[in-house]
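A.B. asks: Chain by chain, the residues run as shown.
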Amino acid sequence: MRFAAEELGGERGGEPVFSGVSFALSGGEALMVTGPNGAGKSTLLRVLCGLLPASEGVVHLSGGGEEWPDAAAACHYLGHRNAMKTALSVTENLVFWQDFLGHGHLSPQEALETVGLDDIGHLPFGYLSTGQRRRAAIARLLVSYRPVWLLDEPTSGLDKASEAQFAALMGVHLEDGGIIVAATHLPLGLDGARELRLGGAR
Amino acid sequence: MLALFLRETRLGTRAGSGALTGVLFFLAVVAVIPFGVGPDLNLLARIGPAILWIGALLASLLGLERLFQADREDGSLDLLLIAGSRHMVALTVFVKCLAHWAVNVLPLVAVTPLLGLFMNVEPVGIMAATLTLLVGTPAITFIGAVGAALAVALPRGGLLVSVLILPLVIPVLIFGVAAARGAIADPDPFLPPFLILAALTLLFAVIGPLAAALALRWSGD
Numbered sequence: 110m111r112f113a114a115e116e117l118g119g120e121r122g123g124e125p126v127f128s129g130v131s132f133a134l135s136g137g138e139a140l141m142v143t144g145p146n147g148a149g150k151s152t153l154l155r156v157l158c159g160l161l162p163a164s165e166g167v168v169h170l171s172g173g174g175e176e177w178p179d180a181a182a183a184c185h186y187l188g189h190r191n192a193m194k195t196a197l198s199v200t201e202n203l204v205f206w207q208d209f210l211g212h213g214h215l216s217p218q219e220a221l222e223t224v225g226l227d228d229i230g231h232l233p234f235g236y237l238s239t240g241q242r243r244r245a246a247i248a249r250l251l252v253s254y255r256p257v258w259l260l261d262e263p264t265s266g267l268d269k270a271s272e273a274q275f276a277a278l279m280g281v282h283l284e285d286g287g288i289i290v291a292a293t294h295l296p297l298g299l300d301g302a303r304e305l306r307l308g309g310a311r
Numbered sequence: 006m007l008a009l010f011l012r013e014t015r016l017g018t019r020a021g022s023g024a025l026t027g028v029l030f031f032l033a034v035v036a037v038i039p040f041g042v043g044p045d046l047n048l049l050a051r052i053g054p055a056i057l058w059i060g061a062l063l064a065s066l067l068g069l070e071r072l073f074q075a076d077r078e079d080g081s082l083d084l085l086l087i088a089g090s091r092h093m094v095a096l097t098v099f100v101k102c103l104a105h106w107a108v109n110v111l112p113l114v115a116v117t118p119l120l121g122l123f124m125n126v127e128p129v130g131i132m133a134a135t136l137t138l139l140v141g142t143p144a145i146t147f148i149g150a151v152g153a154a155l156a157v158a159l160p161r162g163g164l165l166v167s168v169l170i171l172p173l174v175i176p177v178l179i180f181g182v183a184a185a186r187g188a189i190a191d192p193d194p195f196l197p198p199f200l201i202l203a204a205l206t207l208l209f210a211v212i213g214p215l216a217a218a219l220a221l222r223w224s225g226d
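From first to last, the protein sequence lines are chains A and B. Each residue of the first sequence is one higher than the one before, counting from 110 in my numbering. Each residue of the second sequence is one higher than the one before, counting from 6 in my numbering.
Only chain A is shown next, with the shape it has when bound in the complex:
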């Protein structure tokens, strides 16, 4: 599988934020997107998953077969917001996303065990602390399978132990032939990840 961007440009509210971004990733490779605030890291991720139209250039996903026809279908997007309902319990949230996103991978209970939240699955999501919410959102990446993970500041709010745990999770995903694109300020603890530096702020 190959995930590539060619001469990609993105804009926000008519203002160009970045342009001329190119990269090509094959299975098992990770890309760290770094850069100062306002450099367009989040915008790049939103363009990659098709939430924002690209102002120039194209995003390719090839070798996905019928199962993963395009980038949007093949990606997990973990944004700043956790996409969980505060009124529902953690398990209810995960069960919904597994049903809706399809391609079931781990069961919600297993996913919660993996991120170390197995004893609070019955609590409403709204009762969780910031770090726990983030870990529950990470568990969403595990309940249904997607080859490409687009992560926007995935470790914000996580403590050291959870960061290490998450690095291990990403390692497993890459070993399975997955692809990761992560926008971050903090080192994620991935060996051999390539780096894409988005330059000059506005």
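FYI, nobody ran anything at the bench for these hints, they're computed from the structure. Quick caveat: nothing in here was measured; it's all calculated off a predicted structure. Glycine is no exception: its CB is placed at the ideal position from the N, C-alpha and C atoms. Worth double-checking, as some hints may not be accurate.
Stated by the list, open to error - Partial list, computed: chain B residues near chain A (C-beta under 7 angstroms):
#, residue
1, S81
2, D83
3, I87
4, S90
To be verified - Here are the computed distance ranges between Cβ atoms for each label pair:
#, chain 1, residue 1, chain 2, residue 2, range
5, B, I179, A, G240, 53 to 61 angstroms
6, A, E176, B, T14, 29 to 37 angstroms
7, A, L232, B, E78, 19 to 27 angstroms
8, A, G280, B, T18, 39 to 47 angstroms
9, A, G280, B, R19, 31 to 39 angstroms
10, B, P172, A, G240, 44 to 52 angstroms
11, A, S128, B, R222, 17 to 25 angstroms
Using the hints provided, position chain B relative to the given structure of chain A.
C.D. replies: Just chain B now, kept in the frame of chain A:
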């Protein structure tokens, strides 16, 4: 899709969702009308179906603006849109509308017979009003989805959504009231306006979600 419907109804019935606000508002509107127009029972009976319809219409506009806003605030909307190749966005919107209608509007239809008694509407008229509301109110929700999708990024879009969609729901109101009155006032027919009402609902069930899906696609930021 069933998962989405169950999630939406579950959210709608959990504490703090405000699903009963509409019923209380409906009750308030209909309950004050007799005090306002005076104790003329014949007049009340004549305007009864119209009052029921107007009350239900206004009550079903309440909370419409939250249809997509809540999902946008917690980031779920992004994921629903990304999943567009697996579940067509218009279909997602359709299911969300159905769930919204079942939780917020169906209770209005359920209390209509009781409120019809307040208005001294005769039993046949009450049945007709309830039936027309049952058939007509989904159209209001489907049109409302378009307004909600357009105003999804606006923090105080509530009134704007209502004003935006009001012109479009006028035909629904006209044919709904015409059918409800046709059942009790003798020369007026019941079936033709009722069939047009059903046709309006079917039409908006298709157009509304499609337009709302387009609006959501372009609301991305």
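A.B. asks: Now tell me, hint by hint, if it's right for this structure.
C.D. replies: Status of the hints after comparison with the structure:
no.	hint	result
1	S81	5 angstroms, holds
2	D83	6 angstroms, holds
3	I87	5 angstroms, holds
4	S90	4 angstroms, holds
5	B:I179 / A:G240: 53 to 61 angstroms	55 angstroms, holds
6	A:E176 / B:T14: 29 to 37 angstroms	31 angstroms, holds
7	A:L232 / B:E78: 19 to 27 angstroms	21 angstroms, holds
8	A:G280 / B:T18: 39 to 47 angstroms	42 angstroms, holds
9	A:G280 / B:R19: 31 to 39 angstroms	38 angstroms, holds
10	B:P172 / A:G240: 44 to 52 angstroms	48 angstroms, holds
11	A:S128 / B:R222: 17 to 25 angstroms	23 angstroms, holds
Every hint from the earlier list agrees with this structure, and none is contradicted.
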